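Engineer: What follows is each chain in one-letter form.
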Amino acid sequence: MNSKYEVVIGLEVHAQLLTETKAFCGCSTKFGNPPNSNVCPVCLGQPGVLPVLNKKVIEYTMLMGFATNCKIKERSVFARKNYFYPDMPKGYQITQYEEPICEHGYIDIEFKDGSKKRLGITRIHIEEDAGKSIHDQAYETLVDVNRCGVPLMEIVSEPDMRSPEEAVLYLTKIKQFVQYLGICDGNMEEGSLRCDANISIRLKGETKLGTKTEIKNMNSFKNVEKALQYEIERQIDLIEDGVKIVQETLLWDADLNMSAPMRSKEEAHDYRYFPEPDLMPVIVSESWKAEAKKKMPELPDLRRERFITEFSLPKYDADILTQSKPVADYFEEVIKYTKEYKTASNWVMGDVLKTLNELKIDITEFSISAENLGKLINLIGNGTISGKIAKEVFPDMLEGNKDPEIVIKEKNLVQISDTSAIEKIIDEILKANEKEVNEYLEGKEKVFGFFVGKTMRETKGKANPKIVNDILRSKLDGLK
Amino acid sequence: MVNYKNHSEKLQKLKSGELSLEDNVKFFLSEIDKNKKLNAFNFVFSDFALEQAKTVQGKIKNNTNGKLAGMVVAIKDVLSLKDKPTACSSKILKDYIAVYTSTAVQKLIDEDAIIIGKTNCDEFAMGSSNENSAFGAVLNPVDNQRVPGGSSGGSAVAVAAGLCDVSLGTDTGGSIRQPASFCGVYGLKPTYSRVSRYGLTAFASSFDSIGPFSHSVEDAAKVLEVISGKDEKDSTSLNVEVPNYSAELTNIDKKYKIGIPKEYFGEGLNEEIKKAIEDVVAKLKSSGFEIVDINLPHNEYTIATYYILTTAEASSNLARYDGARYGFRSNDAATLLDMYNNSRSEGFGKEVKRRIMLGTYVLSAGYYDAYYKKAQKARRLIKNDFDLAFKNVDLIIAPASPTLPFKIGEKSEDPLEMYLGDIYTTSANLAGIPGISVPVANSEEGLPIGMQILANQFDELKLLKTSYFIQNEILKNN
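Chains as they are written, first to last, in my numbering: chain A, 16 to 495; chain B, 122 to 599.
For reference, chain A alone in the conformation it holds in the complex (with noise of 0.2 Å):
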């Protein structure tokens, strides 16, 4: 980026919410029913329907609120958004406008260096999402009704981000509040949290605001990163060039890489917000904002901190597991059957997130129980196998989390602890290599390991490690 230049961005993230049922009906949210099954008189907008506030939606919102440190507001109003589109079938959705039930908050986002940055969270506000419309059909448009009236919360941020990467640390720490929350599934992919960017540039020490554009439809963090990053490009491009930014909404084409305007048709709206009349004010008691802030759980900051002090696992190791909840839920029940944190911690880190990208799942479908995970390690940490044993003994405990016990059995795998097997094969294996022998006793450290090496090979890896070390070392050194 040309040094002169300062990006300012601020993004709105949409977090579809996981209530069983729809913002203001009785209907499933559950994804993946049929086309138009998930509806009734109210989300399908017939005449003289009304709507009525599922109380877990302020619920849910409220902690977000407390984890990104807003003021959660007694009175908040719902407002109607009006505009034209098949997929919406009152012909106006249910938001908030002018009173937002949470405001003015932050987050702290940390760098690589482990400094740290405050950002801003403007407003969380409550909304409705609207339908599917389908378009790929030879000549019709077809809409599925199923998601209309599934509640959304939008957590817009202070324009306070100033570079791509900061961007990308805001939403990392999104999700995983929504995720440690247990509001939101946060998977981008899906849609089910969904990213719009404010972006502008201004020159270094300028403090007001260049002309902003907006992007949209970026649907993963490496598409937010590469979206962002091209339109800085092209903003000082176009800065350079003398030529003035046109305030405008972009759209993201992931498999080009590039972003186009979206037809200025569409983004001429006039929203006409006004009050809902449907609906009372919502008021936020302090006794329940008490209430729900009992089911606030525990946060990752905190808990990465708890895994430090409690644990004794290095930062680094504490950081990847409490990246997102599922893992850390997992390493916490794997610790249930072993006391080995940190050998526990390389597994979960190492194999067991290497096999959930290769098989490209998530760690809820992983299919080695904790339990499973926890008896592997005690076996390596009560010498039944080595590390490098269980290494081959994981990928069979893929298949439907098999027993490591009746793996090793099955395979013959149990370590060789027998000292004088051991040594059995020690003798014949000096015996029959003289010269590194001789090499050893002139003091040639260096050869002990060649002996470890044949010992192992000769033994298929089963010998107890410190035990061929052990006599080996009070074999050789007898000879002296």
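Derived DSS-like pairs (lysine-lysine); straight-line CA-CA distance at most 30 Å: (1) LYS126(B) x LYS376(B); (2) LYS354(B) x LYS310(A); (3) LYS498(B) x LYS88(A); (4) LYS70(A) x LYS147(A); (5) LYS96(A) x LYS212(B); (6) LYS96(A) x LYS471(B); (7) LYS188(A) x LYS308(A); (8) LYS96(A) x LYS215(B); (9) LYS417(A) x LYS357(A); (10) LYS212(B) x LYS155(B); (11) LYS96(A) x LYS498(B); (12) LYS477(A) x LYS450(A); (13) LYS354(B) x LYS147(A); (14) LYS182(B) x LYS126(B); (15) LYS494(B) x LYS88(A); (16) LYS354(B) x LYS45(A); (17) LYS96(A) x LYS504(B); (18) LYS96(A) x LYS495(B).
Listing some non-contacts, in silico: residues in chain A with all C-beta distances to chain B over 12 Å: (19) GLY396; (20) ASN448; (21) THR474.
The hints are simulated quantities; they were obtained by calculation from the structure and are not laboratory data. Bear in mind the structure is a predicted one, so any value in this text is a computation, not a measurement. Virtual Cβ for every residue (Gly too), placed ideally from N, Cα, C.
Start from chain A and add chain B according to the hints.
Structural biologist: Relative to the frame of chain A, chain B by itself:
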């Protein structure tokens, strides 16, 4: 064939066997048929009504009947009844069949009332003459050259012409009280939030109320006590205890203090109406009611405030009729935008389009503060006037309309003059208070004159008791 004064008498006759419910329903059906030219009904449910009559007759025989057993009710065509049309007198919903039943209508059915059909009204309840209907104008039964009032004109006529016992209407700015006064029947608009709006096709959500038309105060009380109450499906309905109106009606234990707002009796009020009301007021005074002059200083802002706020809400409430999912869709549309434009241009009538455009305008960026926000403030001031007045008085008496029923076509080309006809009724909806129109006299030409009584929020009982007193003590002696 109708030889009963009110529903209690009817029920007695049904119980004793003196009256057959089936015959009674058949009689109403034939009366509806005979009076077709009045155009009071959009839809008549002959088979459905006769079927209900049989069931209810059986219940009466077994003494398992509900409170409203055998009451034959017509409902305004903006109220949903499952599997029956809800056209709202509009071309855009002409073929629409409701998929659920409104709470108010369900409550009537649960008490064994018989729903005989759906009455004509101004399209989406927008109008004061029942001339704005895709089903044609409704005629006043007293003088067929004249309008019955609106928007619930069909409901008023159905009762006035003896086509049913009772009807339900809706009142957003006088749509029950004004037609009741034009047709010479009782018309009660309850407190906003007293009756669930679930299933009432919204015109202006923060104004709409459902209430009865009837020949007697007793029947109005009975219907009100059935349809009132908190409904989980309507967040704006309030959980306030519903008195046993019909039982307490007769028990006037004190003579109320009544306020006469001078703003309601000034220029523009028809002299005959003025005199008729003054006459009743004088008799109330001599009966022991205390009469005092009061002021409602912000009254001059009611019409402007009302038409800004109701059109704003309407412009949004009527957005759902877009041809995409149900209702009328224009055949002439190449693009999505065409479909919206043409379906709505062809589907809505002139007055509805006028109000949608007004409402869209007042909510537009740049005009919102000057119109909508200012009107909200004015609404608060108007409500404060009433709050203040009701600290001092129990009831307020006013005309229901500045004019007698006017001729069909007389005002339809001048919307502003039509709007000004709502001058005495919109304030109750702005303040959310209840009001009733009591038929107190006839003009020299024989046209009905209604007198409006207003009460504080949830004080319907005071309205009903006073109306009952007028019905039985004052009008009897005339």
